[in-house]
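2 protein chains.
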Amino acid sequence: MLVVQKFGGTSVGTLERIEATAKRVIETKKSGADVVVVVSAMSGVTNQLVEYGEHFSKQPNPIAMDMLLSSGEQVTTSLLTIALNEMGYPAVGLTGAMAGIYTDDIHTKARIENINTSRIKRELRDGKIVIVAGFQGITKGGDITTLGRGGSDLSAVALSGALDADLCEIFTDVDGVYTTDPRVEKRAKKLNTISYDEMLELASAGAKVLQNRSVELAKKLNVKLITRNSFNHNEGTLITGEDVSMEAVLVSGIALDKNQARVTLRGVVDKPGIAADIFTVLAEKNINVDMIIQNVGQDGTTNLGFTVPQNELELTKQTMSTLAAAKHIEYDDQIVKVSIVGVGMKSHSGIACLAFETLAKEGINIQMISTSEIKLSVIVDQKYAELAVRVLHNAYQLEK
Amino acid sequence: MLVVQKFGGTSVGTLERIEATAKRVIETKKSGADVVVVVSAMSGVTNQLVEYGEHFSKQPNPIAMDMLLSSGEQVTTSLLTIALNEMGYPAVGLTGAMAGIYTDDIHTKARIENINTSRIKRELRDGKIVIVAGFQGITKGGDITTLGRGGSDLSAVALSGALDADLCEIFTDVDGVYTTDPRVEKRAKKLNTISYDEMLELASAGAKVLQNRSVELAKKLNVKLITRNSFNHNEGTLITGEDVSMEAVLVSGIALDKNQARVTLRGVVDKPGIAADIFTVLAEKNINVDMIIQNVGQDGTTNLGFTVPQNELELTKQTMSTLAAAKHIEYDDQIVKVSIVGVGMKSHSGIACLAFETLAKEGINIQMISTSEIKLSVIVDQKYAELAVRVLHNAYQLEK
Numbered sequence: 001m002l003v004v005q006k007f008g009g010t011s012v013g014t015l016e017r018i019e020a021t022a023k024r025v026i027e028t029k030k031s032g033a034d035v036v037v038v039v040s041a042m043s044g045v046t047n048q049l050v051e052y053g054e055h056f057s058k059q060p061n062p063i064a065m066d067m068l069l070s071s072g073e074q075v076t077t078s079l080l081t082i083a084l085n086e087m088g089y090p091a092v093g094l095t096g097a098m099a100g101i102y103t104d105d106i107h108t109k110a111r112i113e114n115i116n117t118s119r120i121k122r123e124l125r126d127g128k129i130v131i132v133a134g135f136q137g138i139t140k141g142g143d144i145t146t147l148g149r150g151g152s153d154l155s156a157v158a159l160s161g162a163l164d165a166d167l168c169e170i171f172t173d174v175d176g177v178y179t180t181d182p183r184v185e186k187r188a189k190k191l192n193t194i195s196y197d198e199m200l201e202l203a204s205a206g207a208k209v210l211q212n213r214s215v216e217l218a219k220k221l222n223v224k225l226i227t228r229n230s231f232n233h234n235e236g237t238l239i240t241g242e243d244v245s246m247e248a249v250l251v252s253g254i255a256l257d258k259n260q261a262r263v264t265l266r267g268v269v270d271k272p273g274i275a276a277d278i279f280t281v282l283a284e285k286n287i288n289v290d291m292i293i294q295n296v297g298q299d300g301t302t303n304l305g306f307t308v309p310q311n312e313l314e315l316t317k318q319t320m321s322t323l324a325a326a327k328h329i330e331y332d333d334q335i336v337k338v339s340i341v342g343v344g345m346k347s348h349s350g351i352a353c354l355a356f357e358t359l360a361k362e363g364i365n366i367q368m369i370s371t372s373e374i375k376l377s378v379i380v381d382q383k384y385a386e387l388a389v390r391v392l393h394n395a396y397q398l399e400k
Numbered sequence: 001m002l003v004v005q006k007f008g009g010t011s012v013g014t015l016e017r018i019e020a021t022a023k024r025v026i027e028t029k030k031s032g033a034d035v036v037v038v039v040s041a042m043s044g045v046t047n048q049l050v051e052y053g054e055h056f057s058k059q060p061n062p063i064a065m066d067m068l069l070s071s072g073e074q075v076t077t078s079l080l081t082i083a084l085n086e087m088g089y090p091a092v093g094l095t096g097a098m099a100g101i102y103t104d105d106i107h108t109k110a111r112i113e114n115i116n117t118s119r120i121k122r123e124l125r126d127g128k129i130v131i132v133a134g135f136q137g138i139t140k141g142g143d144i145t146t147l148g149r150g151g152s153d154l155s156a157v158a159l160s161g162a163l164d165a166d167l168c169e170i171f172t173d174v175d176g177v178y179t180t181d182p183r184v185e186k187r188a189k190k191l192n193t194i195s196y197d198e199m200l201e202l203a204s205a206g207a208k209v210l211q212n213r214s215v216e217l218a219k220k221l222n223v224k225l226i227t228r229n230s231f232n233h234n235e236g237t238l239i240t241g242e243d244v245s246m247e248a249v250l251v252s253g254i255a256l257d258k259n260q261a262r263v264t265l266r267g268v269v270d271k272p273g274i275a276a277d278i279f280t281v282l283a284e285k286n287i288n289v290d291m292i293i294q295n296v297g298q299d300g301t302t303n304l305g306f307t308v309p310q311n312e313l314e315l316t317k318q319t320m321s322t323l324a325a326a327k328h329i330e331y332d333d334q335i336v337k338v339s340i341v342g343v344g345m346k347s348h349s350g351i352a353c354l355a356f357e358t359l360a361k362e363g364i365n366i367q368m369i370s371t372s373e374i375k376l377s378v379i380v381d382q383k384y385a386e387l388a389v390r391v392l393h394n395a396y397q398l399e400k
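Heads up: the sequence lines are chains A and B, in that order.
Per full-length UniProt numbering, the first sequence runs over residues 1 to 400.
Per full-length UniProt numbering, the second sequence runs over residues 1 to 400.
Mixed in with the good hints there might be a few duds.
[To be verified] Straight-line C-alpha distance at most 25 angstroms; calculated SDA-like pairs for lysine to any residue:
id: 1; chain 1: A; residue 1: Lys-121; chain 2: B; residue 2: Thr-14
id: 2; chain 1: A; residue 1: Lys-58; chain 2: B; residue 2: Thr-139
id: 3; chain 1: B; residue 1: Lys-121; chain 2: A; residue 2: Lys-58
[As the list claims (entries may be wrong)] Computed spacing ranges between beta-carbons, pair by pair:
id: 4; chain 1: B; residue 1: Glu-113; chain 2: A; residue 2: Arg-183; range: 53 to 61 angstroms
id: 5; chain 1: A; residue 1: Glu-113; chain 2: B; residue 2: Gly-141; range: 19 to 27 angstroms
id: 6; chain 1: A; residue 1: Thr-14; chain 2: B; residue 2: Gln-310; range: 26 to 34 angstroms
id: 7; chain 1: B; residue 1: Gly-300; chain 2: A; residue 2: Leu-15; range: 40 to 48 angstroms
id: 8; chain 1: B; residue 1: Asp-105; chain 2: A; residue 2: Leu-15; range: 52 to 60 angstroms
id: 9; chain 1: B; residue 1: Glu-235; chain 2: A; residue 2: Leu-315; range: 42 to 50 angstroms
id: 10; chain 1: B; residue 1: Ala-33; chain 2: A; residue 2: Val-269; range: 54 to 62 angstroms
Derived by calculation from the structure, the hints in this document are not laboratory data.
Even glycine gets a Cβ: it sits at the ideal position worked out from N, Cα and C.
Kindly generate the complete structure, drawing on both the sequences and the hints.
Written out as structure tokens, the structure is:
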């Protein structure tokens with residue numbers, strides 16, 4: 001039995017929390033399992049380091065930035081290793097590089113290419129608990145990389161896949177995945193199971209329990225994922241193949257994403273290849289375009305809308321200004337994305353209607369709509385964010 | 001022309017100081033030289049990390065401790081690299097591992113075994129300023145090591161040797177090497193040149209400008225060393241071969257070491273091999289024994305005295321308790337070592353006499369005496385520390 005346990009920033013946020021985490025790890029080790037632990041930086045540390053880097057430059061050298069940021073996880077890895085050894089459990093700490101986590105060289109947003117697990121396997125054979133610094137890897141050329149925000153989840157899932165772990169436990173400071181954010185709707189319910197696909201849509205729609213890429217990877221590598229609270233022993237939420245959650249649930253959750261900005265291009269010349277041009281240029285800048293909607297236009301032109309993360313809006317503006325394709329561009333960061341997610345949506349009609357009716361009844365205007373098989377997302381004015389979540393949560397009776 | 005510049009903790013102690021350091025490096029680069037920079041952690045950071053580690057354990061796992069401590073230099077390396085790039089000077093930051101600094105596996109006190117300079121040389125050829133995290137290396141097995149306190153100096157000197165640098169500049173917050181500590185004797189004078197050997201004796205006698213091992217290594221590798229103040233443009237002190245400082249100076253400085261503790265073994269059986277036994281056991285624990293003095297005893301027994309660093313006294317006590325060799329052991333950490341250093345002492349008699357007379361006149365009792373070709377050290381009661389330095393400084397007319 002091999003368990004990978006990942007502890008987020010609040011779970012290692014203080015020396016006391018690191019001690020508690022060590023005890024938690026030992027519980028699992030005592031149960032007879034081999035344990036690989038992935039840790040984030042102490043909460044606040046990464047932001048502090050980013051501030052340091054940005055003291056010198058608005059766009060700090062990304063290679064140096066990665067070396068800077070990776071130090072945060074290195075510290076927690078060392079401290080947890082020291083704590084475990086002191087408690088009588090031999091442990092070894094590894095940086096991403098030492099753990100053999102190889103990535104491409106897209107610094108600050110690197111992707112894991114492969115993991116050489118020989119060192120980890122050797123340490124496990126020696127009976128050691130292995131602590132790995134999350135969020136980081138190394139290029140073939142030997143430079144430190146980081147995997148982007150939430151990258152420690154990705155480290156944990158990738159390691160689980162590479163080591164063929166029986167279970168990957170993601171410890172945070174909440175009990176699991178909820179039908180919606182309990183701070184917005186206090187009747188929100190914790191889900192016991194959810195499918196990869198639903199979780200994916202929830203994550204991309206702003207539910208912050210798990211990073212999107214890590215769920216994608218878990219699905220791809222068929223990693224059994226559980227998200228749990230490191231502050232208690234509650235059961236958590238199991239994220240796994242679709243069949244498990246086939247409990248005739250239509251909608252499993254409502255997600256709110258406040259981090260989107262809307263870009264609308266009016267009067268785009270309506271000929272093939274224009275959209276491709278625009279999104280190719282944005283992709284080259286590694287801008288994460290989310291929703292894309294094209295409306296029918298007039299006079300041989302069309303309107304094109306899309307959303308980007310708010311912190312990439314500046315870069316988007318710069319990038320768009322180099323394009324002659326659009327007559328008028330509108331930017332709006334005073335919007336939010338509200339999403340209804342559920343595998344049941346695939347096979348049931350009427351789900352979307354209920355959403356539109358519910359929002360209309362409250363006088364909430366829908367600016368953009370986008371749908372997938374298991375998700376319906378709408379863009380609405382920021383001021384309606386919480387109201388929209390609450391009325392939808394109620395409409396789909398998620399409190400039950 | 002290749003210059004290695006090392007900046008200590010206060011020189012990179014704040015974001016503003018890192019900016020100032022970047023400007024200093026650029027001055028050198030602009031002069032046409034290739035530059036390799038070695039940095040320490042921001043002042044206070046290493047102590048903070050040690051505190052963190054010791055929160056969990058009195059004797060933290062040394063492998064994890066090294067990973068922990070090395071993060072401090074990694075941060076300053078990254079920040080200086082970001083600053084230089086922002087100022088328009090392409091720079092690359094390297095951890096000790098990336099810089100190819102290979103060490104043995106005596107964690108927290110590792111010794112550099114060899115340096116693979118290929119990465120650094122390639123970066124220099126590409127016109128880059130290379131920033132290397134001081135104080136750290138990597139074992140052949142891939143574990144991070146640290147070189148012990150002051151290890152960044154060692155990194156700088158070793159890199160200077162391996163790269164055949166024309167000059168190794170050590171930047172601190174003082175102007176250079178003084179005849180004695182200016183805080184103790186305000187008439188202390190800065191020396192323009194000093195020989196490796198004198199510097200060695202001064203360093204081992206407690207002058208903190210340069211770490212002992214780095215001077216030894218500089219001598220061995222014939223590295224031209226200059227210690228300078230990063231807060232001004234004063235000339236500094238050149239540390240080099242003996243001939244340069246042959247200015248008929250008898251004594252070049254008085255050093256004070258408050259970090260010693262005295263161990264005295266009374267009634268050691270006076271037969272061959274006993275001393276060897278004792279010091280072998282201490283060496284195995286990596287305890288740095290400094291002065292060793294054996295007095296003639298009586299009744300087939302002898303007295304043996306030596307000094308160890310204060311922070312190794314606990315370990316020394318533990319270690320000595322396993323030995324049956326001595327009847328009575330005395331420990332005293334209320335002592336200091338005062339040393340008179342100068343190449344002129346080799347060829348001039350009477351130097352020692354003047355010291356003994358001077359101390360006697362002030363009623364300062366000498367507990368131990370030890371001499372080398374260019375140094376005379378005495379152990380005296382702690383309370384006389386500053387007085388002893390001042391009267392000796394005056395006796396040898398070092399203010400002139």
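Hints, one by one, checked against the model:
Only pairs whose Cα atoms come within 25 angstroms are accepted, and Lys-121(A) paired with Thr-14(B) is rejected, the gap being roughly 41 angstroms. With a C-alpha separation of about 37 angstroms, the suggested pairing of Lys-58(A) with Thr-139(B) is violated against the 25 angstroms cut-off. Proposed proximity of Lys-121(B) and Lys-58(A) is contradicted: the alpha carbons are some 30 angstroms apart, above 25 angstroms. For Glu-113(B) and Arg-183(A), the Cβ-Cβ distance of about 55 angstroms falls inside the hinted range of 53 to 61 angstroms, so the restraint holds.
The hint said 19 to 27 angstroms for the Cβ distance between Glu-113(A) and Gly-141(B), and at roughly 24 angstroms that hint holds. Between Thr-14(A) and Gln-310(B), the C-beta spacing of about 31 angstroms keeps the proposed range 26 to 34 angstroms intact. Distance hint check for Gly-300(B) and Leu-15(A): the Cβ-Cβ separation is about 55 angstroms, which falls outside the suggested range of 40 to 48 angstroms. For the pair Asp-105(B) and Leu-15(A), the beta carbons lie near 28 angstroms from each other, so the given range of 52 to 60 angstroms is not met.
Range check, Glu-235(B) to Leu-315(A): Cβ separation about 48 angstroms, and the 42 to 50 angstroms hint holds. Evaluation of the 54 to 62 angstroms hint for Ala-33(B) and Val-269(A) yields a pass: the beta carbon distance comes to about 56 angstroms.
In terms of the numbered hints stated before, the structure departs from hints 1, 2, 3, 7, 8, listed from lowest to highest.
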